[in-house]
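Asker: Protein chains in written order, with our numbering: chain A, 1 to 383; chain B, 1 to 383.
To be clear, the hints were calculated from the coordinates, so they are not data collected in a lab.
A few of these clues could be false.
Pairs involving identical chains hold if they fit within one copy or between any two copies, as the list cannot separate such chains.
[Claimed, not checked] Here are the computed lysine-lysine pairs in the DSS-like style, where the Cα-Cα straight-line distance is at most 30 Å:
no., residue 1, residue 2
1, Lys57, Lys186
2, Lys57, Lys104
3, Lys120, Lys186
4, Lys68, Lys309
5, Lys57, Lys190
6, Lys154, Lys57
A quick note: this is a predicted structure, and the numbers were derived from the prediction, not measured.
Protein chains: 2
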Amino acid sequence: MRLPSVAVPLSGERFRVTYSLTAANEAEARQRAVEISFEQTVEFPADLTPEGDILEKIVGHIEEVTQKENAAGWRVVISYTIESAGDETTQFMNVVFGNTSIQKGVRVESFELPPAMAAKRGPRFGRSGLRELLHAPSRPMLCTALKPMGYGAKELARLAGDFARGGIDLIKDDHGLANQSFSTFKERAKACAEAVHEANAITGYHSLYMPHISAPAEQVLERALLAKELGAGALLVCPGLIGWDTMRMLADDDRLNLPIMSHPALIGSFTASADAGISHYTLYGLMPRLFGADASIFPSWGGRFSFSKEECASIVAGSGAPFAEMKSIFPTPGGGMTMDRVAEMQAVYGRDVIFLMGGGLHRHSPDIVANSARFREIVEAMK
Amino acid sequence: MRLPSVAVPLSGERFRVTYSLTAANEAEARQRAVEISFEQTVEFPADLTPEGDILEKIVGHIEEVTQKENAAGWRVVISYTIESAGDETTQFMNVVFGNTSIQKGVRVESFELPPAMAAKRGPRFGRSGLRELLHAPSRPMLCTALKPMGYGAKELARLAGDFARGGIDLIKDDHGLANQSFSTFKERAKACAEAVHEANAITGYHSLYMPHISAPAEQVLERALLAKELGAGALLVCPGLIGWDTMRMLADDDRLNLPIMSHPALIGSFTASADAGISHYTLYGLMPRLFGADASIFPSWGGRFSFSKEECASIVAGSGAPFAEMKSIFPTPGGGMTMDRVAEMQAVYGRDVIFLMGGGLHRHSPDIVANSARFREIVEAMK
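Just need the whole structure built from these sequences, with the hints factored in.
Answerer: Structure follows, in structure tokens:
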């Protein structure tokens, strides 16, 4: 039996989610859109849902159903009351894709927030803030990773110092470094931060050490605060490991006040299927912004992973497109970059990019300082 | 240039991960396995990786590469030093699938922990503990959800009381209820907990109210503690929204000491592709156990979602298989269950199951107490 109706106080403001759907024809696409509009809100059979505000306003509105031009499938836009998201980013994602993530043949392409939701902070630094910290007003920036797993604080700090003396801007822990017995977080962060500060004192550069602070839930904030105390200049976070909103919490914490780079560990499966999951644009562009990252790592085309050039370009778009007054962030392509690919990559990524080179910095010569300086020279020479 | 080697103190204990791979032949399958063994550990080119302990022990060991019998693809088992996971479940998942989640054609099928890792608590209650709380030594248990979104505390509490009077064991918030203006967490949890306690006083049943406590990162624990204070008997958690390890933190907190049910919101994409992501067995069976849930919701075959009967059976297996001394948990099939499907479902799920029926409990008659009692009667009559 249909449940009794109630009046629900609502502002009338709505956010919009664009989905791609597989469907044999327009009628089926519309039917699937209606199913999503119920699934993501009342999660109740239409014939039982209370009439009035709940059926008319809480249930998502189908704003658009159009066949895609150069691709199979349908583009569907559904809007939801901002009140359904309860002013929480966790619940916002729940409305966007919670249960529907389990359905086949539906993908989140993007979302748009109305002015009433624009008060979300998003990235604390963004492109301009990070450029200011790094004294790099216009060039692409350089990032590398401390590895391999198994090295102790001493070996990693030596590498950190070498990278910094060569002029690498952001020297991050590899995301596989956590708090292992062979390299505890505290020892490593202290030694690496010191090594980078010492190098800066010699070179006059402004390199930042960026430890990886993904940790058990009750220790994440503690580890981030410790990192700051030990001299870290930024934080590396894997939202797939600690939760997206835990990253947002770190970005919002005034005691930290540090730039955040997000790393894709364990979220890759969201783009594993072309007609399910979340688009590259949103997963590596909009979502890191919504959840407070200032830079978003993803695997570039042409490396060890299989993103296409078009997918990478869409991430660049998502990291910079107008999005509820949130700052733009830096796309940070990595995953097998080498020195001889800088030019080819810059043609796609432009200047608002952080180039992440890991293993590639160890080739060419045994002198890591010289290799790093060469990387910087190549990038600085770019127009 | 190859980096200098170091001695790494290691116990020799290793955990094992079973992957499915796509590959044209055995040579390619072995090559891909080797790539994973480096990607998930040192993330460094093989020819640059330090020799000795790092190359020989930290890099994953290929334990098995076999062609699958009745399916396309290859079964690959890789073992990793337990030290690489640093005694943190976040880092454990990072080693299992961090970067490899971004690769195409590779899926996590399962993992095995050695005795040295068996100290992980996992579920606090498990099947036996939950049966004890619910005074249900052997029958399948019943669960329903308070909805729809848009209802206030008063309407939801009335429903909660009706369900409890009819004998539903676990009365949970719908996962779409968070802390919205039309139903704030505190008002709702208080009213619903009271309604369920009042009903129990009349019926003599032991129904539990289970509020949804997914919340912004800095509020999750607070919301869970408030729930307990207000009389909640269990907690509903979406690990896809708040992070898997945040659920583990709640399970480990002695102040809470409440059973946890995990909900699949936003994790569905991990099973969207048959040859990528994480298997149903692991995503809905092993992982909820590792991260402290006592019951795991998933969409049953035959409802609104598209899991097959075999996939559902594999979840049952993962929720009960021997797993590092962790307790078994309850598979909790839902997603469109109706009264007339109980028998068919029990044939697959057996008695160690929680049946989750939402909208279906509102059909047949306008009397929700009677509908709930009918559901209980059907289940109790099962042999």
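Asker: A separate judgement is required for each hint: does it hold in the structure or not?
Answerer: Okay, the hints, checked on the actual structure:
1. With identical chains, the CA atoms of Lys57 and Lys186 are at most 30 Å apart between copies only, with a shortest distance of 24 Å across copies and 51 Å within one.
2. Taking CA atoms no more than 30 Å apart as the test, Lys57 paired with Lys104 passes inside one copy only; the shortest distance there is 26 Å, against 40 Å between copies.
3. In this assembly of identical chains, the alpha carbons of Lys120 and Lys186 lie at most 30 Å apart only when taken from different copies (23 Å versus 32 Å within one copy).
4. In the homo-oligomer, the alpha carbons of Lys68 and Lys309 lie at most 30 Å apart inside one protomer (21 Å), although the nearest pairing across protomers, at 33 Å, exceeds that limit.
5. With identical chains, the CA atoms of Lys57 and Lys190 are at most 30 Å apart between copies only, with a shortest distance of 26 Å across copies and 54 Å within one.
6. Taking the shortest Cα distances, Lys154 and Lys57 sit within 30 Å of each other only across copies (20 Å), while inside one copy they are farther apart (60 Å).
Violated hints for the displayed structure: none, as all numbered hints are satisfied.
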